[in-house]
Amino acid sequence: MIKVVHYINQFFGQVGGEEKAHIEPFVKEGFVGPGMALNAAFKGQAQIVATIICGDSYYAENEEKAKATILEMVKEYQPDLFIAGPAFNAGRYGNACGSVCKLIKENLNIPVVTGMYIENPGVDLYRKDVYIVPTKDNAAGMREAVPKMASLALKLINNQEIGSPEEEGYIERGIRKNYFATERGSKRAVDMLVKKIKGEEFKTEFKMPDFDRVAPNSPVIDITKAKIALVTSGGIVPKGNPDKIESSSASKFGKYDIEGVFDLTKETFETAHGGYDPVYANADADRVLPVDVLRELEKEGKIGSLHRYYYSTVGNGTAVASAKKYGEKIARELIADGVQAVILTST
Amino acid sequence: MRLELGKIFIKDVQFSNQTKVENGILYVNKEELIKEVSGDERLKSIDVELARPGEEVRIIPVKDVIEPRVKVEGKGGIFPGFISKVDTVGSGRTHVLKGAAVVTTGKIVGFQEGIIDMSGEGAKYTPFSKTNNVVLICEPVDNLPQHEHEEAVRMVGFKAATYLGKAGMNVEPDEVKVYETLPLLEQVKMYPELPKVVYVYMLQSQGLLHDTYVYGVDAKKIIPTFIYPTEVFDGAIVSGNCVSACDKNPTYVHMNHPIIEDLYERHGKDFNFLGCVITNENVYLADKERSSNYTAKLVEFLGADAAIISEEGFGNPDADLVMNCNKIEEKGIKTVLVTDEYAGRDGASQSLADSTPKGNAVVTAGNANEVVVLPPMKKVIGHAEAANVIAGGFSGSLREDGSIEAEIQVITGATSEVGFGYLTAKGF
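Protein chains in written order, with the numbering used here: chain A, 1 to 347; chain B, 1 to 428.
Looking at chain A on its own, in the form it has when it is part of the complex:
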């Protein structure tokens, strides 16, 4: 019998909601929650021997520790297969599912499968590493997702050849593989051209990525009169991180008042960013968010003024779709506040 270990979060593990998101990973023998449907979908060919349940916040904030613990737990059961989720559109859960799957695949070299909604930030982060089955954006899609995950998992464990994403129902991993077509390239190009001319459906052989280039704005005419704002993805927050911006895959951005602040000190500001060594940013957050320099320029009359609020989020592991959403919202507020120029700092 193929032995399966299943990973789920505190919610699907029936421990509790957001108030239980801090719980450390623990194991339950057999299946729990969605594991029941999954187990049934294996139709006797595989069996869930254990379920690991971990709080989403705990995983996000203690990733390395959580990974070490979970790896040991999984090893105990010597599984042949590992399944995580499905996470639907839950961002931290999606990240955890992707991260755990990658961990198990790399360390135990067994097939892993997870499931997520296409816009879950975990998709962008882990699609290259693991098979992710596309799901609906909420748990109503469970019934549909589970059989697909089970069938792909069985194919993997039986070493069956995995076909294209359309054939097998997984999210394209972006792995390019060569094969010989039946027509030479020039003929395929001419055929495609004829279809494009006629307005018929055609299929590109390579999807060009959309880099979403932003055309630079025209320069500020008189910088000595301009109101300038600071916006950062470097995670600089008032000490204590009042909005609890996540260290990775941020689910929000913060807006902070710096009226009367002339210098960011280690007593007053810090970084929430988990993607770089925080020592120097915590010692002097001006290194990431140069409030001190802008205050000097303001005093010298070289800029009009520094905007009263700065905006901050964490760029680390944050999906492009989320970043775009935050950026649009921040830009709208800045325009409404009459800001003419923004200095963007990253890390």
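Keep in mind that a hint or two might mislead.
What the hints assert, rightly or not - Some chain A residues near chain B, calculated using beta-carbon distances under 7 angstroms: (1) S186; (2) V190; (3) V194; (4) I197; (5) G199; (6) E200; (7) F206; (8) V320.
Claimed, not checked - A few chain A residues that face chain B, going by a derived Cβ cut-off under 7 angstroms, partial list only: (9) F11; (10) N178; (11) P209; (12) R213.
Treat the hints as calculated values from the structure; they're not laboratory data.
Remember, predicted model here, so these are calculated numbers, not experimental data.
All C-beta atoms in this analysis are idealised placements derived from N, C-alpha and C, irrespective of residue type, glycine included.
Assemble the complex: chain A is given as a structure, and chain B must be docked to it using the hints.
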């Protein structure tokens, strides 16, 4: 402009005391051929070997492949600007030794030269495993600068192809194909109801051994211009490239341009093929901007409704491809792009160095980084150790038993960006 291409099918190549074509066999007088191509004091020695389909033979490092052709009727001669004067070619009648090819090899010039295996795994990737090859092994004098070395070997290839081509002068072709493109206004009138198509033919011109020539002119120095498709069949465009072997266009591929052939195939049925706009791929931004502006302007001026755009090379020219695509699409002209990919050995990296959402119809010739193992061959023509340094190879590519582990980038014509081959890629 009307050209008859008379194809004489060559099934075998053999040495003989007389150079001639008889019953589909190309006989080669080795001494006479060597004499014909000799005379350049920059080359210390020239030798000739034969390599036939299915033989356990490897040719390495391959510089260029050229098809023997001869002008039977009409103006000018093959390879205008090099072998022949610069008369306008592309009309009249040309004979082709179809199935034969001249391959040049010898000490490596640059890093970006190729491999042709006549059998085994590698043979699947190169179109020149299916041709009967007359291989010219050219060794340079000591300390010859690379660009002179390239030029000397390039000329040997053209001379050899011209010499062999003449053997087909008075032979009755097995097949005659007629290609015709009229002057623009007449061509438009011929099929007024059909959409008009132009081919945008990008020529590798990054310089420093990355050069292509048009009637003898270095393509770096051209402003994008119009060329009749049939001119190309007479060798008006030739390769002087030491670019990655997989996706440069050897002279043979220019002469047998597959996109032009396949556009002619449906010309008058699905569209009206007006001709080609040639453009370059220079490295300076101003050059890229100027050439892509000019190309788009010319395609619009010709009245095209749609265009195929093909790239040659990768990386830097990806930017030219994207500029051409954007500027032509912005004029409301539909495009299909032909390129190849460098997605890493695992296929997981970004395939192109530039991108545009307007490029929604792309034909790919495959991932050039994919790794292949080429089995040892009984005979190696050239220098096997080049495998360790050519683009796509690495130190240790050539194994002790004579096999080669390298990216398919090393194989001549493996990922042809004019779609000469069948290889492609899909996403998993």
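The hints, checked one at a time:
no., hint, in the structure
1, S186, "3 angstroms, holds"
2, V190, "5 angstroms, holds"
3, V194, "5 angstroms, holds"
4, I197, "5 angstroms, holds"
5, G199, "10 angstroms, violated"
6, E200, "11 angstroms, violated"
7, F206, "4 angstroms, holds"
8, V320, "14 angstroms, violated"
9, F11, "32 angstroms, violated"
10, N178, "4 angstroms, holds"
11, P209, "5 angstroms, holds"
12, R213, "9 angstroms, violated"
Comparing the model with each earlier hint shows violations of hints 5, 6, 8, 9, 12; every other hint is respected.
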